[in-house]
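*Asks:* Take a look at the letters that make up each chain.
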Amino acid sequence: MTPVFGELQVLPLAVFGVVLALTLGITFWASKRTSSASDFFAAGRGISGFQNGWAVAGDYMSASSFLGFAGLIFLFGVDAFVGLMAAIVAFLPVLLFLAERMRNAGKYTFADVLAFRLRERPARMVAALGTLAVAIVYLVAQMVGGGVLIQALTGISFTPAVIGVGIFMLAYVIFGGMLATTWVQIIKASLLMSAGVVITIFVLAEVSFNPLELFKQASANSEAGDGYLAPGLQFTSDLGLLSFALAFLLGTAGLPHILIRFFTVPDARAARGSVGWAVFLIGSFYLMIMIIGVGARAILGPEGEKAAGTSGNLAIPVLTETLGGGDGSTGGELFLAVVSAVALATILAVVAGLVISASGAVAHDLWSNVVRKGRDSEHEEVWVAKIAALGVGVLAIGIAVVGGSGFNVSALVGLAFCVASSANFPALMLALFWPRFNTTGAVVGVLGGLAASLVLIILSPAVWPGPDTEGSPLGSLGLDNPAIFSIPIGFFCCWLGTMLGSEKGNERGYHELNVRSETGLGAEAASGH
Amino acid sequence: MAMSEQGPQDRVGEIDWSAIERSPEFQELVRSRRAFIFPAAIFSLGFFGVYLLLAAFADDFMGSQIVEGLPVAWLLAMLQVFMTWGVTAAYLRKSDRVFEPLERRAAALAEKAVEQSDATGHDHRDSEVAGK
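Protein chains in written order, with this note's numbering: chain A, 1 to 529; chain B, 1 to 132.
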């Protein structure tokens, strides 16, 4: 993709510089306060519910929800909002089933919850596998998407952009641990919310603050006419629509970087409170994205489609430039620079969250509890986590650079959510709520869910060579996002494994997990910084 | 007394979990919470499911406009956000008022159990839970 805004952009780079300097300052501050394993993985459990709500929002809202979904709404109307609807409703399973139970029964990773009642080593191994699969695939998707975006916005070419993002991400995690990662997310979320509010006000000002007028102009400015206001532009297949929604809906509750956020607060009350704040912030932001996306359609019209790119990713940058006074005007350039910086902060915060979740899976689950069987020191665990972060980061940077901008980002995101919803989510839910569940069930379930996701994504029209649905060997059942098949397969494998497993469930372990997760008895205490 | 300030938290290895699980206090906590979370989850997923079904099968209805510039599909889309806020607020309220006091009551039992085991000179190490 060539930079649509021409040569190197000085103003965006200057604003980038300010954001980067701020985050490095925070990392330095955080590094002075990070020594123990609980500091590194869980920010000493001293983050308040309000702060964690902002951080969850920062972790969750990727550049794709800011630029991607607004662009898709610009192109396809209400169909594109389905992804955001699913993404916000998805916090209800997190709130009702997981947030408090994670905080009550877990320490650093969601595998802790499984390890309570299942045989520890196999349970941790499969949970770490599920975590790493989601984190690495999602990381590569974010890196590639981020690289393409930075190239388009600033003129820095793809490879240096990806490597630069990777270096900052690793600096936050390795030197500042969870405390730095959390504050980078809080800053990013505040920047994102502020940008959302400002652009929304500017868009609404164009229609004298009458939203009805906005929709009228949007349909008048669409080749689909009133069809722009109805479903059916993006999803031609009903099954595709359902499956896409389901992946977000249940995948969110299996995203390791979201689940570990609940370990950073002092207690279950703060954990559920943080979901409350997150839901408020993310919901407000999505409503603003809706207005901005429809506004882009109303203001830019069909002529804007070329500038916005085929995926619509640049609709917001083009829109803000127009709102600021147009191409070449000072206001337009300033707006564009700020939006670019917000997009950069967004990418950095999400990748940092993913890396720290992957490092926890390697250091806490695989190294400390599987290889060293708990005999390692806390100091060693933190060092292994830092090395793991470096390894995972370098691996993801490498894949992103080698694969380049040719990677199909939406297929990668689809795969990450598929694995989260089909491998991690079933095992976690059944461990908490099904007394009969056993280790064989967890192992077969996670591996089965993972394999089903992988196979179905490879056979999907997005990956299998061919121009459209006919490209998939599954015909019309080949979906870009096959969660509707892979989630039931994941649950079925959990059940099948449980029935086949000869071991009786660890009765005592279930009683303990049940009481602990419901009451918070024996929960990890805050370290009191 | 410094010890009791730390509560049962530091001494969980000594707790008889299945006894707490069988206690009426714990049963009431689990029953009342599950009576909320399962219906709430089914309601919210169903509410969203209705949108998806309408989007898939009721094109005319979804494409219609209540007044000009207020299309049904967009209105129902916004409702999903409001529904999420509503269910979240209801759960948080219910947690503060009902579930948390029940949690404390069930947890207090464990504290009592630890004190009793202290009195009988029970050997704590034996019941340390493996893997923690």
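I should point out that these hints are in silico values taken from the structure, not numbers from a laboratory. Note that the structure is predicted; figures quoted are calculated from it, not measured. Keep in mind that the hints are not guaranteed to be accurate.
[Stated by the list, open to error] Quick list of in silico lysine to aspartate or glutamate cross-link-like pairs, EDC-like style, CA-CA up to 20 Å:
hint : chain 1 : residue 1 : chain 2 : residue 2
1    : A       : Lys107    : A       : Glu305
2    : B       : Lys94     : A       : Asp267
3    : A       : Lys107    : A       : Asp267
4    : A       : Lys216    : A       : Glu333
5    : A       : Lys216    : B       : Asp60
6    : A       : Lys107    : A       : Glu503
7    : A       : Lys386    : A       : Asp376
8    : A       : Lys216    : A       : Asp327
9    : A       : Lys216    : B       : Glu28
10   : B       : Lys94     : B       : Glu28
11   : A       : Lys216    : B       : Glu21
12   : A       : Lys107    : A       : Glu380
*Asks:* For every hint, state whether the structure bears it out.
*Replies:* Consistency of the hints with the structure:
1. A:Lys107 to A:Glu305: 48 Å, violated
2. B:Lys94 to A:Asp267: Holds, at roughly 17 Å.
3. A:Lys107 to A:Asp267: 12 Å, holds
4. A:Lys216 to A:Glu333: Given that 20 Å is the threshold and the Cα spacing comes to 29 Å, the pair is violated.
5. A:Lys216 to B:Asp60: 18 Å, holds
6. A:Lys107 to A:Glu503: 26 Å, violated
7. A:Lys386 to A:Asp376: Status holds; Cα separation ~15 Å.
8. A:Lys216 to A:Asp327: 26 Å, violated
9. A:Lys216 to B:Glu28: The hint is violated at about 54 Å.
10. B:Lys94 to B:Glu28: 14 Å, holds
11. A:Lys216 to B:Glu21: 59 Å, violated
12. A:Lys107 to A:Glu380: 17 Å, holds
This entry does not satisfy hints 1, 4, 6, 8, 9, 11, going by the numbered hints stated previously.
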